[in-house]
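Now for the letters of each chain:
Number of protein chains: 2
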Amino acid sequence: MTTDAQAKRHYEDIVVGAPFEYGGYRVTRNEIFEFAHAYDPQPHHIDEEAAKLSLVKGLCASGWHSCAMFMRMFYDGVLADSASMGGPAIDEVKWMKPIRPDHVLKARSTCVEKRVMRSRPAVGICKMKHEIFNQHDELLMTMENSFFIAVRNPAPAVGTEAQR
Amino acid sequence: MTTDAQAKRHYEDIVVGAPFEYGGYRVTRNEIFEFAHAYDPQPHHIDEEAAKLSLVKGLCASGWHSCAMFMRMFYDGVLADSASMGGPAIDEVKWMKPIRPDHVLKARSTCVEKRVMRSRPAVGICKMKHEIFNQHDELLMTMENSFFIAVRNPAPAVGTEAQR
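For the record, the sequence lines run as chains A and B.
Residue 102 in the working numbering sits at position 94 of the first sequence, and the numbers go up by one each step.
Residue 126 in the working numbering sits at position 118 of the second sequence, and the numbers go up by one each step.
Incorrect hints may have been included.
Derived BS3-like pairs (lysine-lysine); straight-line CA-CA distance at most 27 Å [what the hints assert, rightly or not]:
# : chain 1 : residue 1 : chain 2 : residue 2
1 : A       : K102      : B       : K114
2 : A       : K114      : A       : K16
3 : B       : K114      : A       : K65
4 : B       : K137      : A       : K137
5 : B       : K114      : B       : K16
The set of hints was computed from the structure by calculation and includes no laboratory data.
Bear in mind that the values here come from a model prediction, so they are computed numbers and not experimental data.
Model the full structure from these sequences, guided by the hints.
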């Protein structure tokens with residue numbers, strides 16, 4: 009591993025309870041339409057007039073688009089300088105308020121639990137809670153998931169011992 | 009409401025335990041790259057060589073892209089002819105195997121529970137379990153979520169009575 013790679017944020021650098029704050033993603037009407045036409049063409053994501061009559065009372069981003077925009081912020085704000093290795097699952101997503109055109113999104117992500125995989129001592133798992141806000145500090149979405157991150161100085165595997 | 013709207017699948021037409029089967033979404037390398045560059049530019053989604061060295065051992069779709077492709081299938085296969093009204097949350101997503109270029113995705117969605125909102129007798133909630141497979145019948149992803157769907161013949165509100 010090069011020094012550059014070692015300098016990235018590793019498992020050891022993630023502090024449980026210390027939030028990351030990041031963001032600045034400007035939502036546009038065009039991007040809402042574009043994503044929805046590709047992946048989620050429900051009327052309230054592609055048609056202003058139909059959206060007014062819907063439960064969300066106006067055009068809003070697809071929930072999956074909201075997740076994708078969050079992911080882009082999380083990548084730029086946290087993962088890009090981390091030795092991250094992907095993720096296995098999402099534990100929960102709650103869409104609390106619609107994400108509208110001209111919202112500027114920001115997020116706060118907190119590690120609530122971390123551990124090293126017993127079978128793979130070079131891989132850590134961080135369980136995260138994410139909160140996504142707009143520029144008016146309205147909480148729009150929450151999410152819980154886990155991601156894998158490299159351990160900088162892995163201990164030797166202890167699988168055999170642990171099975172004794 | 010027009011006859012056309014009434015002819016759509018409503019809350020009353022959803023049968024708990026009776027699966028919907030649908031799909032035929034062909035995953036392409038280009039679409040994997042395009043989504044990843046926009047929303048999830050982790051190396052294993054945008055770089056073939058880096059992907060070979062990653063936990064997923066080869067290029068695969070972003071988990072969020074997988075969700076978006078599922079949503080498109082679910083829209084085309086179920087929602088497009090339903091009186092659906094969006095969804096409030098995702099209870100769980102599990103990415104069990106990587107979704108690769110040239111996978112042809114299909115899905116099975118089963119309503120496991122349904123009820124009418126007490127406060128809004130015209131709105132039903134269906135809790136769904138989804139399974140996403142490729143053309144080799146490998147289970148790639150599972151998901152649990154709920155969606156809102158219009159009730160064709162809503163009963164009068166009983167809020168006051170229920171509170172007695």
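Inset, instruction - Given the hint that K114 of chain B pairs with K65 of chain A, test it: the Cα-Cα distance must not exceed 27 Å. - result: Outside the cut-off at roughly 32 Å; violated.
Legend entry - Satisfaction of hint between K114 of chain B and K102 of chain A, Cα-Cα up to 27 Å: 25 Å, holds
Inset, instruction - Take the C-alpha atoms of K114 of chain B and K16 of chain B, compute the straight-line distance between them, and say whether it is at most 27 Å. - result: The given pair, whose Cα atoms are some 23 Å apart, holds under the 27 Å limit.
Legend entry - Holds or violated: K114 of chain A to K16 of chain A, with C-alpha atoms at most 27 Å apart: 23 Å, holds
Legend entry - K137 of chain B paired with K137 of chain A [C-alpha distance capped at 27 Å]: Holds, at roughly 23 Å.
Violation of the numbered hints given earlier is confined to hint 3; every other hint is satisfied by the structure.
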